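Protein sequence lines, in the order shown, are assigned to chains V and G.
With the UniProt record's numbering, the residue at position 64 of the first sequence is 64, and numbering never jumps.
With the UniProt record's numbering, the residue at position 191 of the second sequence is 191, and numbering never jumps.
Think of the hints as simulated: they come from the structure by calculation, not from any bench.
These numbers come from a predicted model, not from an experiment.
There may be inaccurate statements among the hints.
Unchecked claim - Covered stretches of chain G (chain V as the covering partner; in silico rule of three or more C-beta atoms under 8 angstroms from a C-beta of chain V):
{"#": "1", "region": "190-199"}
{"#": "2", "region": "243-255"}
{"#": "3", "region": "284-293"}
{"#": "4", "region": "350-363"}
{"#": "5", "region": "366-375"}
Said to hold, decoys possible - Negatives, chain G to chain V, calculated, CB over 10 angstroms:
{"#": "6", "residue": "G96"}
{"#": "7", "residue": "N133"}
{"#": "8", "residue": "N181"}
{"#": "9", "residue": "I186"}
{"#": "10", "residue": "F211"}
{"#": "11", "residue": "Q319"}
{"#": "12", "residue": "E320"}
From the three backbone atoms N, C-alpha and C, an ideal C-beta is built for every residue, glycine too.
2 protein chains.
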Amino acid sequence: MASSTPKNKVCILGSGNWGSTAARIIGSNVAKLPAFDNDVKIWVYEEMVDGKKLTDIINTQHENVNSGQSEYFTDTPAHLSTPKTLLATFDRYLPGHKLPENVIAVPDAAEAVKGATHIVVVIPHQFIQNLLNTIHGHTLPNARAISLIKGIGISNQGMTTMTQIIHRTLAIPVSCLSGANIANEIAEEKYCETTIGCSDPDEAIIWRSLFNKPYFQVNCVSDVIGVEFCGALKNIVAVGAGFIDGLGLGNNTKAAIIRIGFLEMRRLAMHISGAQIQEATFNESCGIADVITTCYGGRNRLLAEAFVKTGKPMHQLEQEMLNGQKLQGYLTAGEVFSYIDGCGVTDHFPLFTNIYQICYENRSPRSIFDGLNVDFSQDTLGTMAPL
Amino acid sequence: MASSTPKNKVCILGSGNWGSTAARIIGSNVAKLPAFDNDVKIWVYEEMVDGKKLTDIINTQHENVNSGQSEYFTDTPAHLSTPKTLLATFDRYLPGHKLPENVIAVPDAAEAVKGATHIVVVIPHQFIQNLLNTIHGHTLPNARAISLIKGIGISNQGMTTMTQIIHRTLAIPVSCLSGANIANEIAEEKYCETTIGCSDPDEAIIWRSLFNKPYFQVNCVSDVIGVEFCGALKNIVAVGAGFIDGLGLGNNTKAAIIRIGFLEMRRLAMHISGAQIQEATFNESCGIADVITTCYGGRNRLLAEAFVKTGKPMHQLEQEMLNGQKLQGYLTAGEVFSYIDGCGVTDHFPLFTNIYQICYENRSPRSIFDGLNVDFSQDTLGTMAPL
Numbered sequence: 001m002a003s004s005t006p007k008n009k010v011c012i013l014g015s016g017n018w019g020s021t022a023a024r025i026i027g028s029n030v031a032k033l034p035a036f037d038n039d040v041k042i043w044v045y046e047e048m049v050d051g052k053k054l055t056d057i058i059n060t061q062h063e064n065v066n067s068g069q070s071e072y073f074t075d076t077p078a079h080l081s082t083p084k085t086l087l088a089t090f091d092r093y094l095p096g097h098k099l100p101e102n103v104i105a106v107p108d109a110a111e112a113v114k115g116a117t118h119i120v121v122v123i124p125h126q127f128i129q130n131l132l133n134t135i136h137g138h139t140l141p142n143a144r145a146i147s148l149i150k151g152i153g154i155s156n157q158g159m160t161t162m163t164q165i166i167h168r169t170l171a172i173p174v175s176c177l178s179g180a181n182i183a184n185e186i187a188e189e190k191y192c193e194t195t196i197g198c199s200d201p202d203e204a205i206i207w208r209s210l211f212n213k214p215y216f217q218v219n220c221v222s223d224v225i226g227v228e229f230c231g232a233l234k235n236i237v238a239v240g241a242g243f244i245d246g247l248g249l250g251n252n253t254k255a256a257i258i259r260i261g262f263l264e265m266r267r268l269a270m271h272i273s274g275a276q277i278q279e280a281t282f283n284e285s286c287g288i289a290d291v292i293t294t295c296y297g298g299r300n301r302l303l304a305e306a307f308v309k310t311g312k313p314m315h316q317l318e319q320e321m322l323n324g325q326k327l328q329g330y331l332t333a334g335e336v337f338s339y340i341d342g343c344g345v346t347d348h349f350p351l352f353t354n355i356y357q358i359c360y361e362n363r364s365p366r367s368i369f370d371g372l373n374v375d376f377s378q379d380t381l382g383t384m385a386p387l
Numbered sequence: 001m002a003s004s005t006p007k008n009k010v011c012i013l014g015s016g017n018w019g020s021t022a023a024r025i026i027g028s029n030v031a032k033l034p035a036f037d038n039d040v041k042i043w044v045y046e047e048m049v050d051g052k053k054l055t056d057i058i059n060t061q062h063e064n065v066n067s068g069q070s071e072y073f074t075d076t077p078a079h080l081s082t083p084k085t086l087l088a089t090f091d092r093y094l095p096g097h098k099l100p101e102n103v104i105a106v107p108d109a110a111e112a113v114k115g116a117t118h119i120v121v122v123i124p125h126q127f128i129q130n131l132l133n134t135i136h137g138h139t140l141p142n143a144r145a146i147s148l149i150k151g152i153g154i155s156n157q158g159m160t161t162m163t164q165i166i167h168r169t170l171a172i173p174v175s176c177l178s179g180a181n182i183a184n185e186i187a188e189e190k191y192c193e194t195t196i197g198c199s200d201p202d203e204a205i206i207w208r209s210l211f212n213k214p215y216f217q218v219n220c221v222s223d224v225i226g227v228e229f230c231g232a233l234k235n236i237v238a239v240g241a242g243f244i245d246g247l248g249l250g251n252n253t254k255a256a257i258i259r260i261g262f263l264e265m266r267r268l269a270m271h272i273s274g275a276q277i278q279e280a281t282f283n284e285s286c287g288i289a290d291v292i293t294t295c296y297g298g299r300n301r302l303l304a305e306a307f308v309k310t311g312k313p314m315h316q317l318e319q320e321m322l323n324g325q326k327l328q329g330y331l332t333a334g335e336v337f338s339y340i341d342g343c344g345v346t347d348h349f350p351l352f353t354n355i356y357q358i359c360y361e362n363r364s365p366r367s368i369f370d371g372l373n374v375d376f377s378q379d380t381l382g383t384m385a386p387l
């Protein structure tokens, strides 16, 4: 009886270090899930590595090798046909970690999604629309997707999240996954947690079964946009933490900035989403844990520290330190400032405002402390009226 | 008219690095507060430094000098008359930072509190009862106190806090102050925050005026025991964080332990205090910020890291690394375990239980991850029924 039911099939779109890490986990998990086909397709942007096709290397050596090159290129208008740009934002490979043999690399994204019931989207955010256009019309009507992409768009009209963008084009249910997750640490099977935001409890169980491992603990919440919001906004806090490191201040000071940044995130969620985003989401891995890990270990922190120490502008440091890779922290700070400034509520977000002005308006990094004595004690998500 | 009102007077009981730091702040602040006498008495345990009395040195050189000795001694039954023990737990001096000239060292605690309206208590917790016995009967009936001491007692009957102990002997209102506050960083005027727990809003304003500085931002909450609870319980989380460092795991893992530890703190508060401790207290500096700073920088973290790396028991490491100074993290873990075990609720506190068993029952440090997949999303302080 059960054997006559068509099996679910997973497709992973994206093969950077995070996509490859997801492939390691999912490939291993589907082998134990009777409802799933054993094969997992992974779309790999084709390139030549030492004279061989990368897809062939993956399908024979079962490893997303490092080509030995360290080419990164400046962000340009996004085209899927521009491989150097496509690969600029994520780490491109996951050398030293075998992929399961049931993970099959496919060079054509439209081909990769054919027949897939579960689509994992894990490419740099600036390429999402082109990828969606490529696969549109090739997905099953009953397919569903999960976004592992961090980054949301904020404008005066409010915010747009990755799951919303994916849903708009593909018209399928879209969940998301975000947490305190440095890809290489997960590939090394160091214990961590993550959060899946999925509005359907039954679907959440299935997504969890694909991702959960003893060393990768998945909690599910129904608050999809809250999970995405946390994943993007924490990068602003990390810029503030980097300023503190650049100023040579200590643990006390950094903890204060993390605390205030976390509470301004909650306050912004309350303001921008009304009652949509849930309080409890901020206590998940995607919330407080990801804020902490990003403020101690991430690249946004690193860049902000160098910004203070060298006095060079962010885009120049991106060229010098990250081979032109664009980071989201200071860009998101700019979008958030436009939003809160447009609403006339910058006084309620002194830290975000200070970080913006330090990044863009030549204010001294020491001004990060100006006016931080804000009372957050009455903030309650979901019940407090917008500011 | 106002000039005929007797002025308030401050007395600081304790002159370790934290007491001396408080004296720097308060001495500077009272000079600008018309309602306060300009002189601030600080009780200093008298000792000879290079042939001179320490009180004389402070009153002439205005610095709590380092004697050049680094003698620390094992914890023994507490007697105020045992100076080597008295000074064992706190750093004893604050060299390199001038005290204001209006801070006057007094070698007799009973003499120091005479006429004081505002008493700041900042001595190692194991000496509090003897100190209280010494000053009992010498305090003004309208005096009030604030405790800067970290450490609470937990037994099967529930918990006892420092403010409760002080109130029991002196029968005056007692507030507390706790936060992400490493004393030396504050003495260097590096920006940080702290939390005052004070049940009377008018009194809170006065305490704030004594402690607040541009670089030391004070927030007040009415939840006194919540502030004390956070200050003590965070040390258990720091032991867990130290285990992670000892195991050589990364930022993801540490963030997960901090997150779960923070949520078990909240859950224990809910269970041990009923609706007394307030949710919002955990968002203050005494809550999340102190947890973070202690998990990255504190001595409990350091000791736990060495515990994993060397396999030596905690008390031996205290001898070897801290000259016998006793740390609170693993002791509090023991008290908490007795409490939750007595209540039959260890399953609801897997991290605290694992940390206890690693410290005391020879379990492998890797067992810290066992059974951590607990759902905290329904925890709400003040409304949820006890477990």
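Structure-based check of each hint:
Remark: the region 190-199 of chain G is confirmed as covered by chain V, as 4 of its residues place a Cβ nearer than 8 angstroms to a Cβ of that chain, reaching the required three. As drawn, the region 243-255 of chain G meets chain V at 7 residues by the rule of a beta-carbon pair under 8 angstroms; at three or more, the given contact holds. Figure legend: the region 284-293 of chain G, annotated as covered by chain V; annotation consistent (7 residues with Cβ-Cβ distances under 8 angstroms, at least 3 required). Requiring three or more residues with a Cβ within less than 8 angstroms of a Cβ of chain V, the coverage given for the region 350-363 of chain G is violated, as only 0 such residues are present.
Chain V is given as covering the region 366-375 of chain G, and this holds because 4 residues of the stretch bring a CB closer than 8 angstroms to a CB of that chain, at least three being needed. Listed as a non-interface residue, G96(G) keeps its Cβ farther than 10 angstroms from every Cβ of chain V; the least gap is roughly 16 angstroms. The beta carbon of N133(G) sits about 34 angstroms from the closest Cβ of chain V, which is more than 10 angstroms, so the claim that it is off the interface holds. Its closest Cβ contact with chain V, about 6 angstroms, brings N181(G) to no more than 10 angstroms, contrary to its assignment away from the interface.
The Cβ of I186(G) sits about 7 angstroms from the closest Cβ of chain V, inside the 10 angstroms cut-off, so the non-interface label is violated. With a cut of 10 angstroms on Cβ distances, F211(G) stays outside the contact zone with chain V, its closest approach being about 13 angstroms. With a minimum CB-CB distance of about 26 angstroms to chain V, Q319(G) clears the 10 angstroms threshold, and the non-interface call stands. Chain V leaves E320(G) outside its interface by the beta-carbon criterion, the shortest separation being 24 angstroms against a cut-off of 10 angstroms.
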